[in-house]
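Working from the sequences, and respecting the hints, build out all of it.
According to the numbering used here, the sequence shown is numbered sequentially starting from 4.
Hints are not guaranteed to be accurate.
[Unchecked claim] Listed below are the simulated SDA-like cross-link pairs for lysine to any residue, each with C-alpha atoms no more than 20 Å apart in a straight line: (1) K79 with E140; (2) K194 with K333; (3) K323 with D186; (4) K194 with A330; (5) K117 with W326; (6) K194 with S292; (7) K333 with E344; (8) K194 with S112; (9) K333 with L343; (10) K333 with H310; (11) K349 with C306; (12) K117 with A84; (13) K349 with S337; (14) K79 with R120.
[What the hints assert, rightly or not] The calculated label-pair distances, taken between Cβ atoms and stated as ranges, are: (15) S228 with H300: 18 to 24 Å; (16) G335 with Q131: 45 to 51 Å; (17) I144 with H300: 29 to 35 Å; (18) L328 with K117: 18 to 24 Å; (19) Q136 with R107: 19 to 25 Å; (20) I144 with E114: 15 to 21 Å.
What the hints contain is simulated information worked out from the structure, not anything from laboratory work.
Idealized CB from N, CA, C, for every residue including glycine.
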Amino acid sequence: MSLKGLAMCRLRSHRWMCRYLLLGLVGTAVAPALILTGLLEELLAFSIAPFLRSGSSSIDRGWNTSGDLYRIANDKACHGAVPPFLLNLVVSSPSNFEARQAIRQTWGSTEELKGLRIRTLFAVGQPQAPDVQVLLEQEFIEHRDLVQGTFHDTYRNLTLKTLMLLRWASTFCPEAHFLLKVDDDVFVNTKRLVGHLRTLGYPRPEGIYLGRIHWLARPVRDLASQYYIAEAEFPGYIFPLYCSGTAYVVSGDVAQQVAAVALETPIVPVEDVYVGICARKLGVAPQHSAWFSGTTHYPLDICCYQHIFTSHHMTPTLMKAAWGLLASGKNGCSRLLRRLELLWCKLISL
4 MSLKGLAMCR
14 LRSHRWMCRY
24 LLLGLVGTAV
34 APALILTGLL
44 EELLAFSIAP
54 FLRSGSSSID
64 RGWNTSGDLY
74 RIANDKACHG
84 AVPPFLLNLV
94 VSSPSNFEAR
104 QAIRQTWGST
114 EELKGLRIRT
124 LFAVGQPQAP
134 DVQVLLEQEF
144 IEHRDLVQGT
154 FHDTYRNLTL
164 KTLMLLRWAS
174 TFCPEAHFLL
184 KVDDDVFVNT
194 KRLVGHLRTL
204 GYPRPEGIYL
214 GRIHWLARPV
224 RDLASQYYIA
234 EAEFPGYIFP
244 LYCSGTAYVV
254 SGDVAQQVAA
264 VALETPIVPV
274 EDVYVGICAR
284 KLGVAPQHSA
294 WFSGTTHYPL
304 DICCYQHIFT
314 SHHMTPTLMK
324 AAWGLLASGK
334 NGCSRLLRRL
344 ELLWCKLISL
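Next comes the structure, spelled out in structure tokens:
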């Protein structure tokens with residue numbers, strides 16, 4: 004602002020105009036930083052719950068569970084002296100043997116943190132090739148960490164796979180405090196995530212639906228797209244707010260409620276959207292955390308990976324490299340980079 008402008012601000016008649024100008028300048032400077040760090044999204048997320056209302060429960064064509072849900076039930080996977088604090092439910096394709104093994108050797112190998120039990124399981128459907136089924140059964144015998152449904156394993160059946168997991172957790176692991184639904188190409192910083200979850204009402208967390216929120220997303224009507232949703236499946240123009248299906252956390256009560264309300268909620272073949280619809284129907288507000296990467300891949304960098312909860316598009320090789328990076332205990336970050344935290348992750352991912 005010029006000297007002439009400052010002089011004008013001394014006049015009573017111009018003070019309000021100057022205040023607006025100053026607010027504009029501050030907003031111009033601060034807004035990019037808020038967007039990059041995810042703070043703006045988190046501030047907006049605080050406004051969700053007061054406006055959320057439970058929807059109608061009159062719909063009667065939901066998920067059909069009259070048949071046998073599981074080919075491999077693995078119903079004793081949660082047995083132990085204490086229930087899991089965190090139950091990691093990894094959605095995987097039957098043929099992704101290498102991805103599952105990479106998770107077992109890295110972040111999925113963590114079974115306890117500060118006295119809190121952690122359990123990791125993988126969910127698959129029915130493969131098309133009989134030889135893959137034979138390999139899956141051998142994998143189950145070796146690791147005892149698979150749950151397999153009776154549906155065909157296709158992209159359009161991802162919703163069924165997620166519902167199977169939630170139903171499984173509600174039936175065979177009802178005392179788990181938190182459930183992480185995560186894809187098999189996502190790296191999870193379990194230590195950071197568990198540290199955060201401990202602050203969310205533990206030991207009795209309730210109403211938690213946490214992840215990277217998709218805001219004002221619209222259904223895809225293009226028949227050629229794998230994300231296609233027919234108007235009969237979802238007639239609206241904008242989806243309810245929902246957490247990215249790459250990785251999100253629900254508390255045990257929400258998992259049970261979603262599994263129940265799905266029985267009367269029409270299936271939408273995009274699983275994260277569907278969970279958001281069920282949450283909206285239940286009156287459960289999604290909570291945004293910018294530490295979840297969503298669909299973003301963060302390049303390997305200790306100054307970034309020691310802070311984030313997840314990173315997407317991780318090959319088995321990258322998964323092992325990220326685990327080694329964190330396990331090394333090295334911290335070559337400058338004081339500046341330690342302060343930048345998520346902003347640094349955003350910058351290196353551009």
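Structure-based check of all given hints:
Our distance criterion of 20 Å between C-alpha atoms is met by K79 and E140, whose separation comes to about 16 Å. Only pairs whose Cα atoms come within 20 Å are accepted, and K194 paired with K333 is accepted, the gap being roughly 16 Å. Between the alpha carbons of K323 and D186 the distance comes to roughly 16 Å, so the proposed pair stays at or under 20 Å and holds. Annotation: proposed proximity of K194 to A330 holds, straight-line Cα distance about 11 Å (limit 20 Å).
For a cut-off of 20 Å, the pair hint linking K117 to W326 stands: about 19 Å separates their Cα positions. At most 20 Å may separate the alpha-carbon atoms for a hinted pair to count; K194 and S292 meet this at roughly 16 Å. Using a Cα cut-off of 20 Å, the hinted pair K333 and E344 holds, with the two alpha carbons roughly 16 Å apart. Restraint check: the Cα-Cα separation between K194 and S112 comes to about 12 Å, which is no more than 20 Å; the hinted pair holds.
Between K333 and L343, the direct Cα distance comes to roughly 18 Å. Compliance with the 20 Å bound is thereby established for this hinted pair. Distance hint between K333 and H310 is fulfilled; the C-alpha atoms sit about 14 Å from each other, no more than 20 Å. The suggested pairing of K349 with C306 holds, with an alpha-carbon distance near 12 Å, which does not exceed 20 Å. Note on K117 and A84: the hinted pairing holds, with a Cα-Cα distance of about 16 Å set against a maximum of 20 Å.
Annotation: proposed proximity of K349 to S337 holds, straight-line Cα distance about 17 Å (limit 20 Å). For the hint pairing K79 with R120, the CA-to-CA distance comes to about 15 Å; that is within 20 Å, so the pair holds. Separated by about 22 Å at the C-beta atoms, S228 and H300 satisfy the suggested range of 18 to 24 Å. Take G335 and Q131: their Cβ atoms lie about 47 Å apart, and the range 45 to 51 Å holds.
The beta-carbon spacing between I144 and H300, approximately 34 Å, falls within the hinted interval of 29 to 35 Å. At about 21 Å, the CB distance of L328 to K117 agrees with the hint of 18 to 24 Å. The given range of 19 to 25 Å is respected by Q136 and R107, whose C-beta atoms sit roughly 20 Å from each other. In this structure the supplied range 15 to 21 Å holds for I144 paired with E114, their Cβ-Cβ distance being about 20 Å.
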